[in-house]
Structure formats: structure tokens, C-alpha cells
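Trainee: Respectively, the protein sequence lines represent chains H and A.
Residue numbering for the first sequence follows the working numbering, starting at 1211 and increasing by one per position.
Residue numbering for the second sequence follows the working numbering, starting at 1194 and increasing by one per position.
Treat the hints loosely; a few may be bogus.
In silico DSSO-like links for lysine-lysine, alpha-carbon gap of 30 Å or less [as the list claims (entries may be wrong)]:
#1 A:Lys-1276 with A:Lys-1235
#2 H:Lys-1265 with H:Lys-1280
#3 H:Lys-1283 with A:Lys-1276
#4 A:Lys-1276 with A:Lys-1250
#5 H:Lys-1265 with H:Lys-1288
#6 A:Lys-1235 with A:Lys-1271
#7 H:Lys-1283 with H:Lys-1265
#8 A:Lys-1271 with H:Lys-1283
#9 H:Lys-1288 with A:Lys-1235
#10 A:Lys-1276 with H:Lys-1280
#11 A:Lys-1271 with H:Lys-1280
#12 H:Lys-1265 with A:Lys-1235
#13 A:Lys-1250 with A:Lys-1235
#14 A:Lys-1271 with A:Lys-1250
Bear in mind the hints are in silico, worked out from the structure with no lab data behind them.
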Amino acid sequence: AQTVTQSQPEMSVQEAETVTLSCTYDTSESDYYLFWYKQPPSRQMILVIRQEAYKQQNATENRFSVNFQKAAKSFSLKISDSQLGDAAMYFCAYRSEETSGSRLTFGEGTQLTVNP
Amino acid sequence: EPEVTQTPSHQVTQMGQEVILRCVPISNHLYFYWYRQILGQKVEFLVSFYNNEISEKSEIFDDQFSVERPDGSNFTLKIRSTKLEDSAMYFCASEGLAVYEQYFGPGTRLTVT
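Required output: the full structure, derived from the provided sequences and hints.
Mentor: Right, here's the structure in full:
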């Protein structure tokens, strides 16, 4: 079974600065997807970014980018120019590529605080 | 932009009662999921549903849980006899064919007293 680990329960960053959230995972599969979801105080789960394991290029979405290290099974999220609205719980998630309809396996989450 | 909706937003029930949580997935999506998040904990998979049957279920999804797509638009989670430990946020998610991204609803907060 796959596992996802987020070793930073809490992180903080100053507004306009850059922060990196860490995630590691364990799998025996070669093809899979990785995601970062944001959960603000409303508790809605919002998809931030996704990475396909077969792609060497790191995914980027505006101020959000990932550092995907497949051999190390590491998948970190970098938030540039942090904004107050980025404050939330961030979850890393894994899913198999074997079939559509596969479950997401989540990490424990990292609570990000953005200081003005 | 299409979105997943869930009702009610908050449900309070007494232990032993049955509850039905409702979800309306995005209209052209084919895969449907329920997840649970106990307060302060990570999100846990409960069940996936495709082509009118369960594709996969976790060990949490025992006989007290059931899912249904009664009318081609709604997707429901029923808990037959609620326990205190069922208190959690329940999220519905849906996914399109070959998209590999799950879109979540806003959740239903279930409180069992």
C-alpha cells in the first residue's frame, strides 16, 4: 500500500516571501500522479497542482511549483510571493495511474501561516 | 465553472440514527468518491463508485455504510446506525474519464451526539 508523509505539521512565511512544503511517499509503482490540495478554514478541498510521474518537468501553476524527485520519492510544493490568502492546510496526495477511479491517499497535512 | 455540491452543509444526529449525505457530482463525470476527515486529521478514502457499482472500498467502509446513485445525478452516502466516532467532515468528489483529477465538494459536517 502507498503511504504519504508530510513531516512539517506547521510552517510559517512572511507575506511576499517564498516557502517550501515537503512531502515524501512510498510506492512500488512506476506510474502515478501526485497532487497538492489546499484546505482553507472553510474546509473545502481545492486542487492546487498535479504532477504525472512519467514527466520529468516539474509542474507549475502561477505562483505554485513543485520539485518532483522520483528516485527520492519526494514531492515538495514551493509557493512564491506568498499572499495572506495562501494561509491554509496543505495536503499532499498520491494516486495510482493504473486505472481511472483510483483512490487518493493523503498525507497528514501542513498548516501554513502567512504573516503580514 | 462546474462544481460538486453537497447537502446538507451540517447535519446533527443522535447516536443510532440513520443519516443520508447527498452529493451532486459534476455532470459529465463518471467516477465518484466519498472521503472522511475527522477533525484535525488527514482525509481518508471511504469508497469509489463507477458504473453503478462500488469500485473500491476501504476498511472504514463497513456494513453500516452504503452508497447509491438513485437518479443519475445525485450520489448518496448512507450511514445506517451512526456512532459517536462517525462525527467528521464527509467529502464527495468526482472525476471525469481519463482526467485523473478529483474535484471535491464543500463537505458535510456530521455531528453525532
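Trainee: Which of the numbered hints above does this structure break?
Mentor: 3, 8, 10 and 11
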